[in-house]
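Undergrad: Protein chains in written order, with the numbering used here: chain R, 27 to 248; chain P, 27 to 248.
Keep in mind the hints are simulated off the structure, nothing from the lab. The model shown is predicted, which means the values in this text are computed figures rather than measured ones. Possibly wrong hints are sitting among the right ones.
When chains are identical, the list treats them as one kind, so a pair holds in a single copy or across two.
Stated by the list, open to error - Dumping the calculated DSS-like pairs for lysine-lysine here, alpha-carbon to alpha-carbon at most 27 Å:
{"hint": "1", "residue 1": "Lys70", "residue 2": "Lys244"}
{"hint": "2", "residue 1": "Lys244", "residue 2": "Lys100"}
{"hint": "3", "residue 1": "Lys156", "residue 2": "Lys248"}
{"hint": "4", "residue 1": "Lys100", "residue 2": "Lys70"}
{"hint": "5", "residue 1": "Lys248", "residue 2": "Lys59"}
{"hint": "6", "residue 1": "Lys227", "residue 2": "Lys70"}
{"hint": "7", "residue 1": "Lys156", "residue 2": "Lys244"}
{"hint": "8", "residue 1": "Lys227", "residue 2": "Lys100"}
{"hint": "9", "residue 1": "Lys227", "residue 2": "Lys248"}
2 protein chains.
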Amino acid sequence: MNRTILIADDETRMRILVADFLEQAGYNTIEAKNGEEALSLYGKHPDIDLLILDVMMPLMNGWEVCHAIRDYSKVPIIMLTAKNTETDELTGFQKGADEYITKPFSPMILVARVNALIKRTYMDKQVYSKGLLLVDYNRISVTVDHVPVELSQTEYRLLTFFIENEQQVISREQLLNHIWGMDYFGTDRTVDTHINRLRMKLLAAGTYIQTVRGHGYKYEVK
Amino acid sequence: MNRTILIADDETRMRILVADFLEQAGYNTIEAKNGEEALSLYGKHPDIDLLILDVMMPLMNGWEVCHAIRDYSKVPIIMLTAKNTETDELTGFQKGADEYITKPFSPMILVARVNALIKRTYMDKQVYSKGLLLVDYNRISVTVDHVPVELSQTEYRLLTFFIENEQQVISREQLLNHIWGMDYFGTDRTVDTHINRLRMKLLAAGTYIQTVRGHGYKYEVK
DNA sequence: GCCTATTATCACAGTTATGTCACAACTATC
DNA sequence: GATAGTTGTGACATAACTGTGATAATAGGC
Chain R
27 MNRTILIADD ETRMRILVAD FLEQAGYNTI EAKNGEEALS LYGKHPDIDL LILDVMMPLM
87 NGWEVCHAIR DYSKVPIIML TAKNTETDEL TGFQKGADEY ITKPFSPMIL VARVNALIKR
147 TYMDKQVYSK GLLLVDYNRI SVTVDHVPVE LSQTEYRLLT FFIENEQQVI SREQLLNHIW
207 GMDYFGTDRT VDTHINRLRM KLLAAGTYIQ TVRGHGYKYE VK
Chain P
27 MNRTILIADD ETRMRILVAD FLEQAGYNTI EAKNGEEALS LYGKHPDIDL LILDVMMPLM
87 NGWEVCHAIR DYSKVPIIML TAKNTETDEL TGFQKGADEY ITKPFSPMIL VARVNALIKR
147 TYMDKQVYSK GLLLVDYNRI SVTVDHVPVE LSQTEYRLLT FFIENEQQVI SREQLLNHIW
207 GMDYFGTDRT VDTHINRLRM KLLAAGTYIQ TVRGHGYKYE VK
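Please construct the entire structure, taking both the sequences and the accompanying hints into account.
TA: Laid out in structure tokens, this is it:
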């Protein structure tokens, strides 16, 4: 799938240069010649995957555009800043961008940064999030209410199995089969203990794993 | 950010002259009065951004210093050579420098060349910095909390591979494949040992490499 | 409210994964 | 070919995880 990138710069030559390189790298591009146009275009094309904003632009400068978009979107933004020393100290307002590239820059660098940022943003999004719970399958990490939680392998597999079967009642036997293996002969107590440990570690989200008396357990976010 | 330049020349007058001009141009300078001192100073100050080496120096001549530094660093080097015709043909040994300036030269020329070289080198500067850790891909150097850290090749490759895959869990098998090669059959203990050595050398930043029990390791700056 | 079946909790010992160390083999350099 | 640095490996230590039975707590039926 080709990603689409909005390039906002008032210098036509620069815009075309950047657009050319990005298109050669396989991206679709949309150009804006001032801040207002950039904002308006992004509003009309919510499928834009990344924005490159020059700081110095008429009507609205890059920071203002960045700020306005950040109010409602987490789309990745790269700022093109002047090379002077002021860029070192970012004021409170001058935040919210994902990358900063100082002019002058080589087009190769720009493309490399864009590639990296796109990858970071879109490729690695295997994340489950519901209620207080967040599971990142790439990092094999779990957080509850933004607090990292360390799970053992069995606990992690239990949790992900529950998530895959949200709202379904799962018997201890099913769990023994899926988590421990078909040929494993564990006791119900084994399951109980691991469920217990998992609930403990999940803190407030522990209540998501409910006991269904006589049948097993059920994962449900209330 | 001000760049730092090391000037190595045995003639005090020349050293001061060059240093003055460079400082007026906004650089920090460090002076060495012979080759050995130059090499030692560069070792102690891995933040030096460019070296100017006179060829004719006591203890170690400029080429020897250049050669020694090139073994482990890609830092830009300007050689000051005598004006005789021999300099036209560079022998195999007389390589590795980025610029050659023949004496006598005008200070203006020197500053211009320095500016150009600095720009050329660091415009595409590839530096990774996060938390206590700083990796300079150009120099192939690593510092932790501003303290230079010496890594072996395997350790360096491990670290950079982790950085490229920040926050991702990487299995021992993946590491063996990427760092040691597809057809390599190492044991898990090999990986563990190198991870261990890397963590040790990274001092406080060693905790950035986390063990994910049952899966491998993960690089993450907390 | 009592009884019983079911589930929760706990401590402990067995198991497994990882950390650490020493050493010999290897490499590059002089 | 001597030297210092690097590397891979196995042995062992350490830490983390796991399963189990004993016991406590609980829910639901009566």
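Undergrad: Taking the hints in turn, state whether each one holds.
TA: Now the hints, each set against the structure:
When the C-alpha separation of Lys70 and Lys244 is checked against a cutoff of 27 Å, the pair qualifies neither within a copy, at 31 Å, nor between copies, at 40 Å. Within a single copy, Lys244 and Lys100 get their C-alpha atoms only as close as 29 Å, which misses the 27 Å cut-off; across copies the closest is 25 Å, which meets it. With identical chains, the CA atoms of Lys156 and Lys248 are at most 27 Å apart both within one copy (10 Å) and between copies (24 Å). In this assembly of identical chains, Lys100 and Lys70 lie within 27 Å of each other by CA distance solely inside one copy; the values are 16 Å within and 43 Å between copies.
Taking CA atoms no more than 27 Å apart as the test, Lys248 paired with Lys59 passes in neither setting, with 44 Å inside one copy and 40 Å between copies. Taking the shortest alpha-carbon separations for Lys227 and Lys70, only the intra-copy value of 17 Å comes in at or below 27 Å, while the best inter-copy value is 48 Å. In this assembly of identical chains, Lys156 and Lys244 lie within 27 Å of each other by CA distance both inside one copy and across copies; the values are 15 Å within and 24 Å between. In the homo-oligomer, the alpha carbons of Lys227 and Lys100 lie at most 27 Å apart inside one protomer (22 Å), although the nearest pairing across protomers, at 37 Å, exceeds that limit.
Proximity of Lys227 and Lys248 under a CA criterion of 27 Å is satisfied in both settings, with 18 Å inside one chain copy and 20 Å between copies.
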